[in-house]
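Participant: First to last, the protein sequences are chains A and B. 1 is the number of the first residue of the first sequence in this note's numbering; add one for each residue after it. 1 is the number of the first residue of the second sequence in this note's numbering; add one for each residue after it.
Straight-line Cα separation of at most 35 Å, DSBU-like style, residue types lysine-lysine; simulated pairs: (1) A/Lys185 / B/Lys332; (2) A/Lys178 / B/Lys237; (3) A/Lys178 / B/Lys353; (4) A/Lys202 / B/Lys202; (5) A/Lys202 / B/Lys120; (6) B/Lys237 / A/Lys185; (7) A/Lys202 / B/Lys185; (8) A/Lys237 / B/Lys178.
So the derived label-pair ranges between C-beta atoms look like this: (9) A/Leu234 / B/Met123: 36 to 44 Å; (10) A/Arg210 / B/Glu240: 48 to 56 Å; (11) A/Glu247 / B/Lys209: 38 to 46 Å; (12) A/Gln246 / B/Leu234: 23 to 31 Å.
Since the hints were made in silico from the structure, they are not lab data. Just so you know, even glycine gets a beta-carbon here, dropped at the ideal spot from N, CA and C.
Protein chains: 2
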Amino acid sequence: FDFGRRQLRFNTDGRFKILQVSDMHYGFGKETQCSDVSPAEFPYCSDLNTTSFLQRTIASEKPDLIVFSGDNVYGLCETSDVAKSMDMAFAPAIESGIPWVAILGNHDQESDMTRETMMKYIMKLPNSLSQVNPPDAWLYQIDGFGNYNLQIEGPFGSPLFFKSILNLYLLDGGSYTKLDGFGYKYDWVKTSQQNWYEHTSKWLEMEHKRWPFPQNSTAPGLVYLHIPMPEFALFNKSTEMTGVRQESTCSPPINSGFFTKLVERGEVKGVFSGHDHVNDFCAELHGINLCYAGGAGYHGYGQVGWARRVRVVEAQLEKTMYGRWGAVDTIKTWKRLDDKNHSLIDTQLLWTKNTTLEPNFGFSCSTIPQH
Amino acid sequence: FDFGRRQLRFNTDGRFKILQVSDMHYGFGKETQCSDVSPAEFPYCSDLNTTSFLQRTIASEKPDLIVFSGDNVYGLCETSDVAKSMDMAFAPAIESGIPWVAILGNHDQESDMTRETMMKYIMKLPNSLSQVNPPDAWLYQIDGFGNYNLQIEGPFGSPLFFKSILNLYLLDGGSYTKLDGFGYKYDWVKTSQQNWYEHTSKWLEMEHKRWPFPQNSTAPGLVYLHIPMPEFALFNKSTEMTGVRQESTCSPPINSGFFTKLVERGEVKGVFSGHDHVNDFCAELHGINLCYAGGAGYHGYGQVGWARRVRVVEAQLEKTMYGRWGAVDTIKTWKRLDDKNHSLIDTQLLWTKNTTLEPNFGFSCSTIPQH
Numbered sequence: 001f002d003f004g005r006r007q008l009r010f011n012t013d014g015r016f017k018i019l020q021v022s023d024m025h026y027g028f029g030k031e032t033q034c035s036d037v038s039p040a041e042f043p044y045c046s047d048l049n050t051t052s053f054l055q056r057t058i059a060s061e062k063p064d065l066i067v068f069s070g071d072n073v074y075g076l077c078e079t080s081d082v083a084k085s086m087d088m089a090f091a092p093a094i095e096s097g098i099p100w101v102a103i104l105g106n107h108d109q110e111s112d113m114t115r116e117t118m119m120k121y122i123m124k125l126p127n128s129l130s131q132v133n134p135p136d137a138w139l140y141q142i143d144g145f146g147n148y149n150l151q152i153e154g155p156f157g158s159p160l161f162f163k164s165i166l167n168l169y170l171l172d173g174g175s176y177t178k179l180d181g182f183g184y185k186y187d188w189v190k191t192s193q194q195n196w197y198e199h200t201s202k203w204l205e206m207e208h209k210r211w212p213f214p215q216n217s218t219a220p221g222l223v224y225l226h227i228p229m230p231e232f233a234l235f236n237k238s239t240e241m242t243g244v245r246q247e248s249t250c251s252p253p254i255n256s257g258f259f260t261k262l263v264e265r266g267e268v269k270g271v272f273s274g275h276d277h278v279n280d281f282c283a284e285l286h287g288i289n290l291c292y293a294g295g296a297g298y299h300g301y302g303q304v305g306w307a308r309r310v311r312v313v314e315a316q317l318e319k320t321m322y323g324r325w326g327a328v329d330t331i332k333t334w335k336r337l338d339d340k341n342h343s344l345i346d347t348q349l350l351w352t353k354n355t356t357l358e359p360n361f362g363f364s365c366s367t368i369p370q371h
Numbered sequence: 001f002d003f004g005r006r007q008l009r010f011n012t013d014g015r016f017k018i019l020q021v022s023d024m025h026y027g028f029g030k031e032t033q034c035s036d037v038s039p040a041e042f043p044y045c046s047d048l049n050t051t052s053f054l055q056r057t058i059a060s061e062k063p064d065l066i067v068f069s070g071d072n073v074y075g076l077c078e079t080s081d082v083a084k085s086m087d088m089a090f091a092p093a094i095e096s097g098i099p100w101v102a103i104l105g106n107h108d109q110e111s112d113m114t115r116e117t118m119m120k121y122i123m124k125l126p127n128s129l130s131q132v133n134p135p136d137a138w139l140y141q142i143d144g145f146g147n148y149n150l151q152i153e154g155p156f157g158s159p160l161f162f163k164s165i166l167n168l169y170l171l172d173g174g175s176y177t178k179l180d181g182f183g184y185k186y187d188w189v190k191t192s193q194q195n196w197y198e199h200t201s202k203w204l205e206m207e208h209k210r211w212p213f214p215q216n217s218t219a220p221g222l223v224y225l226h227i228p229m230p231e232f233a234l235f236n237k238s239t240e241m242t243g244v245r246q247e248s249t250c251s252p253p254i255n256s257g258f259f260t261k262l263v264e265r266g267e268v269k270g271v272f273s274g275h276d277h278v279n280d281f282c283a284e285l286h287g288i289n290l291c292y293a294g295g296a297g298y299h300g301y302g303q304v305g306w307a308r309r310v311r312v313v314e315a316q317l318e319k320t321m322y323g324r325w326g327a328v329d330t331i332k333t334w335k336r337l338d339d340k341n342h343s344l345i346d347t348q349l350l351w352t353k354n355t356t357l358e359p360n361f362g363f364s365c366s367t368i369p370q371h
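Extracted from the complex, chain A is given alone in its bound form (with noise of 0.2 Å):
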């Protein structure tokens, strides 16, 4: 059941990190100007400055995979070879020879390519791991390209060397709903790719559970999802997260209950988005944690001075009783941005291994509510 998909490893040192680099907005390089930049850095700012960004956070951070969630490029018609673009907007991430994933955006498909031939073309770039779709997508008719599974095993040297111990899920969240009575309101998570999320999870736990070295539950899990899914304009209360809101959730608008599917299955820890670039929180609802990158590209609108970001998020391993790697123990995330100091921000625990739901109390005539 791997189909390519155990490409990733703890390193030995028992952790495992992923860079997200959201929204690029990537167009043609150095001839593409900067959007909300103050009026001093304008006539010196273009893409390079994204692409520099990217090499400046690949050399500090040393991740172990890169994850590009969507709007990498900026097609809005103004590129007629979106190829080229995407060739300079992921540059850095294949001269670094760090394995990278991208999944697209609203605005990915706004020029010369599809969705499909898009994804068919970042596949086969150096070092890529993205998949236009999971290899049983036919059995699911599922929705989308851009829709796959990526598996990270444990360490050299550790017992769960043969298991997954961290579930990736890498989500096409669409551009515009093709329905009449909508105008011009984004797309959501379908129910197709909700069955095929659900049945490979409960694979992946299965396979967690059984023999050799079972588990007693579910590997965490991560989302990437471009487009936020409703629920994260719950939050709008700085107390309640980390990071901040600056503008309120462009997400699609009706629900279609990919929250609750991941709540039911208990297995992802974080929803990764990007889309609304001046929003950088995570904030958790249900056990979920709902975390934006903030705009990473200064092609793509922003805020003038409010430094782009990108998002990192680390899974530590836990030291068995043998003195070797076991399961994940904690997933840790920050930002980094693009200013002066290169500033490290925002470092939270997003989960720990022993972090419990409170119990579901069940029914007992003492505790029905009068409804």
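Please arrange chain B on chain A, whose structure you already have, making use of the hints.
Facilitator: Frame of chain A; chain B shown alone:
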């Protein structure tokens, strides 16, 4: 594909009328006191008031189908013989000889029968067209009990005599979620139920559009579901609704996407719920009417001075060129009160055949939002 679903037919006057009775909260009949009635009424009030209200309405409305939409009986550990409660609760429908169906609410199973055994019991009562689950439930590993579809065929003399021209979907919204981290919150319509709905709906659309007498669109559908979906909570201004809101919507804590599934299919014109006894409004969202029935039973909570009530839905067929009955032309609804005059209020048109939604204008460079 009828699986015993084709036992209902439009009348030769081109109409079909459905009486929805919600939240009877029936106990033991005469010994069971009323809630929220005036001090003057209280001494003389019992479940029998609910019974006579139902008898009164069956006589005045003469429906073609009666739908009991949950919390039909009030377990609450009060009754130790819920079968007896059900016999009394459904007696007026059974005695009327009119076909009837029931689904379960969140309270029904709170005594000496499980939801499954209750539906098995209800299924066998006289004139009941209820089903425990659809014949193809195993295929979907469907959640809950009391998920089924009824297909109402064209009248005698109509070319659509063999076609389902009004599709009813009855669903088990469950009672309380069993998930950790939710304490005591209501359950929701699961993906398994949504997959069953989607495939049944697609099959019926195919059948509706094929020879003989192929129709150019899907037949309209109606959904009956006890616990209102989260989308009901969107409506708070009286200008948005026909009827009133007098309490907040007690929907599931998270959204499982069933409303979105209905929008995607474009078949269902109304979702009819209960549960919030003192709400009785209808409001429209993306072409789907979200309607409360209001509480019918005297044992369940209500509001002094606000009559118990039921909701009626009537579909009217169009006349074809040859003067024969064709497809459904309009769907109307109103409410009947258990007040002195047995008032009929809030008559409104829910849907007409030529209702169309604003067409999706698709993607073009000029229309793309900055986002």
